[in-house]
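> Each chain, written out:
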Amino acid sequence: MKWIPTCKETTVLASRAMDARLPFADRVAMQLHLLICENCARFARQLHEMRRLFSVETDAYDDAKGLTDTARQRIATELQDKLDR
Amino acid sequence: MSTLDAQTWLADHGDYLFRVARRQLHSDEQAEDAVQETLLAAIVAQARYAGDASPRTWLTGILKHKIVDLIRKQLREVALPCDEEGEEAVDLLFKQDGHWAEPLRPWGNPQAEAELSQLRHVLDECADRLKPAMAQVFSLREVAGMETEEICKELGISPTNCWVLLHRARLFMRQCLELNGFSKAGAA
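If you read the sequences in order, they're chains H and W. Per our numbering, residue 1 is the first one in the first sequence, and the count goes up by one each step. Per our numbering, residue 86 is the first one in the second sequence, and the count goes up by one each step.
Hints in this document: simulated from the structure, not taken from any laboratory. Worth double-checking, as some hints may not be accurate.
Claimed, not checked - Which residues of chain W face chain H? A partial, calculated answer using Cβ under 8 Å:
1) D100
2) R161
3) M258
Ideal Cβ placement from N, Cα and C applies to all residues, glycine included.
In isolation and in its complexed conformation, chain H is listed as follows (with noise of 0.2 Å):
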């Protein structure tokens, strides 16, 4: 990796600092990308955006649907075997 890395380069960097603290010489390299790339800035920013919004509790997922009929028949039923047995 040349002391400015590319774009591609920094994506994977970006990717690893959402995960983990950067060694030192990494995190000046994405930096220094960062710094003269829209682009790459945009990809930063948006991974950040993604965790935020995968994040939301799922609460707020109330208009997602939830078990069929056939599924909760069928699981119900499964419970009913084993409290029997």
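We have chain H; now place chain W onto it with these hints.
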């Protein structure tokens, strides 16, 4: 007491547990299995349930383990990550010299609940469209909020595989979201 309890849990919390499972597992069948396994395990474990937590919290705790079990089982069946197909798909997003092939479009900044709800459906659809291994690791990280170390350990995959899967999943997710309505309102 058990019969009543288990059936009551299903009635009161079945939909909720299904939604939690469905956000992390990428098929209805698997999510249904996870709910069933959870309630069956809850029958066995209820003697140990002290009632400190609400039933929903307690059941959700059991569900989390069941979800990881199901994902582990599934990952044994699907081809693992560092395949060439995924690598080629990543290569298509970039030019030979490592620059983006297409400029990234800005995303809107939706505030209205209706719009957010619409975008949540897009999120879920895009997550479902990822390759299974990618989808699973991505959801454990971004939906369940597990640390990557924990994910690697639980699923028995190497950290390098984990990083690669997450990087690819994020590239594809981002692109899918952009193509499906995220870049409409134009701000962020």
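> Give a verdict on every hint.
Hints, one by one, checked against the model:
1. Evaluation of the W/D100 hint against chain H yields a held restraint, the C-beta minimum of about 3 Å falling below 8 Å.
2. Restraint check, W/R161 versus chain H: the minimum CB separation of about 24 Å is more than 8 Å; hint violated.
3. With its C-beta approaching chain H no nearer than about 6 Å, W/M258 sits inside the 8 Å limit, and its interface hint holds.
Hint compliance for this structure: hint 2 alone is broken.
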